[in-house]
Amino acid sequence: MTGIVDADSVTKRYGEVLGLNGFSATFPPGITGLVGPNGAGKSTLFRLLAGQLRCDAGTLTLLGFPAWGQGEFRRRVGYCPEHASLFDWMTGADFVTTLLRVDGFPRAEAQERALRAIETVGLTEARDRRLKAYSKGMRQRIKLAQCIAHDPQLILLDEPLNGVDPVGRAHLSALLRQLSATGHHLIVSSHVLYEVERLTDQIVMIAHGQAIAQGDLHRIRDLIDSRPHMVDLETPDPRGVAKLLGAWDHVVSIEFTGPGKLRVLTRSPEAFYAALPALVVTEKLDVRSVHSADDNLDAVFRYLAGGGR
Amino acid sequence: MTGEWTRLVAVTWLSLRSSLRGWRLAGLSAFALIPTLIVVSVASTHPAASTLSNSAEALFGLLTLPIVTMVIVLVLSVGQFRNEIDNETLLYLSDRSITRPMIVVGKYLGSLAAALVLVIPAALLPLAVASWGGGNGYPAVVPLTVAAAAALAAIAYGGFFLFLGLVSRAALLIGILYGFLWEELVPLLPGSAPRLTLVFYLRNFLSTELTTGPLSGYPAPLTATASILVPIALAAVFVVLGSLAFRYLETAPERESA
Numbered sequence: 001m002t003g004i005v006d007a008d009s010v011t012k013r014y015g016e017v018l019g020l021n022g023f024s025a026t027f028p029p030g031i032t033g034l035v036g037p038n039g040a041g042k043s044t045l046f047r048l049l050a051g052q053l054r055c056d057a058g059t060l061t062l063l064g065f066p067a068w069g070q071g072e073f074r075r076r077v078g079y080c081p082e083h084a085s086l087f088d089w090m091t092g093a094d095f096v097t098t099l100l101r102v103d104g105f106p107r108a109e110a111q112e113r114a115l116r117a118i119e120t121v122g123l124t125e126a127r128d129r130r131l132k133a134y135s136k137g138m139r140q141r142i143k144l145a146q147c148i149a150h151d152p153q154l155i156l157l158d159e160p161l162n163g164v165d166p167v168g169r170a171h172l173s174a175l176l177r178q179l180s181a182t183g184h185h186l187i188v189s190s191h192v193l194y195e196v197e198r199l200t201d202q203i204v205m206i207a208h209g210q211a212i213a214q215g216d217l218h219r220i221r222d223l224i225d226s227r228p229h230m231v232d233l234e235t236p237d238p239r240g241v242a243k244l245l246g247a248w249d250h251v252v253s254i255e256f257t258g259p260g261k262l263r264v265l266t267r268s269p270e271a272f273y274a275a276l277p278a279l280v281v282t283e284k285l286d287v288r289s290v291h292s293a294d295d296n297l298d299a300v301f302r303y304l305a306g307g308g309r
Numbered sequence: 001m002t003g004e005w006t007r008l009v010a011v012t013w014l015s016l017r018s019s020l021r022g023w024r025l026a027g028l029s030a031f032a033l034i035p036t037l038i039v040v041s042v043a044s045t046h047p048a049a050s051t052l053s054n055s056a057e058a059l060f061g062l063l064t065l066p067i068v069t070m071v072i073v074l075v076l077s078v079g080q081f082r083n084e085i086d087n088e089t090l091l092y093l094s095d096r097s098i099t100r101p102m103i104v105v106g107k108y109l110g111s112l113a114a115a116l117v118l119v120i121p122a123a124l125l126p127l128a129v130a131s132w133g134g135g136n137g138y139p140a141v142v143p144l145t146v147a148a149a150a151a152l153a154a155i156a157y158g159g160f161f162l163f164l165g166l167v168s169r170a171a172l173l174i175g176i177l178y179g180f181l182w183e184e185l186v187p188l189l190p191g192s193a194p195r196l197t198l199v200f201y202l203r204n205f206l207s208t209e210l211t212t213g214p215l216s217g218y219p220a221p222l223t224a225t226a227s228i229l230v231p232i233a234l235a236a237v238f239v240v241l242g243s244l245a246f247r248y249l250e251t252a253p254e255r256e257s258a
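Each protein sequence line maps, in turn, to chains A and B.
This note's numbering puts the first sequence at residues 1 to 309.
This note's numbering puts the second sequence at residues 1 to 258.
No lab work stands behind these hints: they were computed from the structure.
None of the values given here were measured: they were computed from a predicted structure.
Virtual Cβ for every residue (Gly too), placed ideally from N, Cα, C.
Please note: incorrect hints may appear among the correct ones.
Said to hold, decoys possible - One side only, chain B facing chain A, incomplete, derived with CB under 10 angstroms:
(1) Thr2
(2) Tyr92
(3) Arg96
(4) Ile98
(5) Thr99
(6) Glu184
(7) Tyr248
(8) Glu250
(9) Pro253
Said to hold, decoys possible - Here are the in silico distance ranges between beta carbons for each label pair:
(10) Thr2/A - Arg195/B: 42 to 48 angstroms
(11) Asp216/A - Val167/B: 45 to 51 angstroms
(12) Leu177/B - Arg13/A: 29 to 35 angstroms
(13) Ala58/B - Phe65/A: 55 to 61 angstroms
(14) Leu244/B - Pro29/A: 32 to 38 angstroms
(15) Ala58/B - Arg116/A: 42 to 48 angstroms
(16) Gly15/A - Asn87/B: 17 to 23 angstroms
(17) Val186/B - Arg116/A: 53 to 59 angstroms
(18) Leu177/B - Val167/A: 52 to 58 angstroms
(19) Val141/B - Glu125/A: 54 to 60 angstroms
(20) Glu16/A - Phe31/B: 37 to 43 angstroms
(21) Asn87/B - Arg116/A: 26 to 32 angstroms
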């Protein structure tokens with residue numbers, strides 16, 4: 001394996017609970033999305049990579065170094081944790097500067113780098129405010145600032161867009177793409193597939209502590225698309241709508257899931273979505289909502305974890 | 001400064017500032033004032049000058065050194081790692097290029113500096129109040145020796161409690177039991193048993209340096225040098241043990257998984 005991060009049969013237990021269960025994956029250069037539902041093992045993997053935890057079994061390396069290790073190579077790694085608190089009594093500038101000093105940067109250079117990183121994440125105006133006064137999104141951004149301030153080669157971002165407002169998300173997404181374009185390697189975790197899709201095509205999917213799929217997102221999507229998709233509809237006339245949809249040859253089954261609710265299983269979601277608007281117009285149907293249950297990442301994981309590999 | 005020194009100074013400064021903040025600082029400051037308040041209340045009864053001076057001096061050996069200093073150092077030292085593991089701020093240090101032993105040394109020095117900020121005034125203020133409040137003045141050797149003994153206590157207890165905080169989640173409880181049972185009861189035992197306590201060496205130091213007054217009456221079978229070196233050596237041993245323990249310590253909070 002020759003990735004930026006290589007995991008080979010990594011297992012991590014928390015007492016009786018398995019955080020990672022024989023996780024194996026190779027993270028290539030560039031941006032890789034680590035996608036999985038909550039509790040899948042994403043944060044455990046990041047904590048192992050950050051040297052907070054030690055593998056119970058298997059091997060885990062980053063930039064060729066064992067993850068459970070210290071030394072100068074850690075200067076080449078930046079970690080933006082999801083849950084960690086901050087030193088709330090510090091100002092944003094003080095926080096980033098102090099951590100750069102802990103990395104051995106001289107005072108003047110640390111201050112200069114901190115200001116630059118804070119500017120990069122768009123917090124210049126708030127840099128002298130205490131961290132306890134920061135909003136959740138601002139806290140996320142100052143964590144990102146400390147993560148990139150030392151210009152690391154590999155950047156680990158655990159749910160970096162969580163809690164960030166839409167404008168901030170767009171800004172951060174652009175920043176992450178820019179970091180990748182300037183030669184940084186990023187591993188970005190998320191439980192929201194579309195967030196990762198905007199950043200990269202390269203993903204590792206994780207569920208129940210295992211890598212269940214890895215590679216190009218479009219290939220994984222094709223794999224998913226080869227199986228029937230679920231679509232939920234809401235209409236005051238479910239029987240009438242069901243009768244019309246049942247005539248389509250790609251519709252496998254229709255289920256009445258509640259008052260005014262239908263669940264349709266189709267082998268061709270593209271054909272379904274293309275034909276539905278025309279049907280609604282021509283038959284004057286009152287369809288109030290259409291929701292692809294398979295857009296929900298959990299459904300994708302259930303499918304893949306259930307043997308779709 | 002080289003990179004290693006920069007790292008050490010940064011962790012020490014961070015640890016010092018973290019230690020002396022908010023309610024903890026307010027509570028420990030109030031606690032440190034107890035001996036002074038006792039001397040103030042004694043002075044308010046207008047005792048004989050020698051009685052007031054001796055009371056303030058004796059209070060150091062009975063209260064300030066074994067209880068006030070010990071508790072302040074305990075609170076400041078055991079929280080250095082345990083609190084930061086629980087709220088995950090320790091990862092901002094442990095995922096950096098600084099070595100783990102250096103983090104332990106930096107945190108030890110930071111908590112020691114914070115302890116000195118509180119225990120030195122706790123040791124000296126009662127003497128000052130006694131002098132200004134009608135007592136006899138003290139020769140310079142008394143406040144110097146008292147301050148040195150308080151510093152020695154902070155050095156020694158600090159190393160031990162920092163180690164406790166690294167290896168046990170019940171460090172505060174163990175530290176309290178150690179301070180109030182072991183350090184108080186074992187010195188009462190006959191023979192060499194008292195040498196198994198830190199307070200024995202601290203009191204030995206007081207007795208060897210002071211020839212008159214209440215603090216000169218403790219057993220002093222050792223030289224002053226020995227009574228200084230033993231606590232410092234013990235602190236160094238515990239800092240080294242703490243560094244070894246921290247190399248293998250997982251620093252993610254136990255409550256979370258996946």
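Against the structure, the hints:
Against a cut-off of 10 angstroms between C-beta atoms, the interface hint on Thr2/B holds, since the closest Cβ of chain A lies about 8 angstroms away. Taking 10 angstroms as the C-beta cut-off, the interface hint given for Tyr92/B holds, the closest approach to chain A being about 6 angstroms. Using the Cβ-Cβ criterion of 10 angstroms, the hint placing Arg96/B at the interface with chain A is satisfied: the shortest such distance is roughly 5 angstroms. Nearest Cβ of chain A to the Cβ of Ile98/B: about 6 angstroms, under the 10 angstroms cut. The hint holds.
Below 10 angstroms, beta-carbon pairs count as interface contacts, and Thr99/B has one with chain A at about 5 angstroms; its hint therefore holds. For Glu184/B, the suggested interface contact is broken, since its CB lies about 36 angstroms from the closest CB of chain A, more than 10 angstroms. Checking Tyr248/B against chain A by beta carbon gives a least distance of about 8 angstroms; that is within 10 angstroms, so the hint holds. Interface restraint check: Glu250/B against chain A, minimum CB-CB distance 5 angstroms, threshold 10 angstroms, status holds.
Annotation: interface hint on Pro253/B holds; nearest CB of chain A at approximately 9 angstroms, less than 10 angstroms. Between Thr2/A and Arg195/B the C-beta distance comes to about 60 angstroms, which lies outside the given range of 42 to 48 angstroms. Between Asp216/A and Val167/B the C-beta distance comes to about 47 angstroms, which sits within the given range of 45 to 51 angstroms. A hinted range of 29 to 35 angstroms holds for the C-beta pair Leu177/B and Arg13/A, which are about 32 angstroms apart.
Restraint check, Ala58/B to Phe65/A: a C-beta distance of roughly 58 angstroms satisfies the suggested window 55 to 61 angstroms. A C-beta distance of roughly 37 angstroms is found between Leu244/B and Pro29/A, which places it inside the suggested range of 32 to 38 angstroms. Between Ala58/B and Arg116/A the beta carbons are some 59 angstroms apart, a value that contradicts the proposed interval 42 to 48 angstroms. Hint check: Gly15/A to Asn87/B, Cβ distance near 21 angstroms, so the stated range 17 to 23 angstroms holds.
Roughly 57 angstroms separates the CB atoms of Val186/B and Arg116/A, a value that falls within the hinted 53 to 59 angstroms. Between Leu177/B and Val167/A the Cβ separation comes to about 55 angstroms, which falls inside the hinted range of 52 to 58 angstroms. Val141/B and Glu125/A have their C-beta atoms about 57 angstroms apart, which keeps the hinted 54 to 60 angstroms range intact. One distance hint, 37 to 43 angstroms for the beta-carbon pair Glu16/A and Phe31/B, holds here, with the actual separation near 42 angstroms.
Checked against the hint of 26 to 32 angstroms, the pair Asn87/B and Arg116/A passes, with Cβ atoms roughly 28 angstroms apart.
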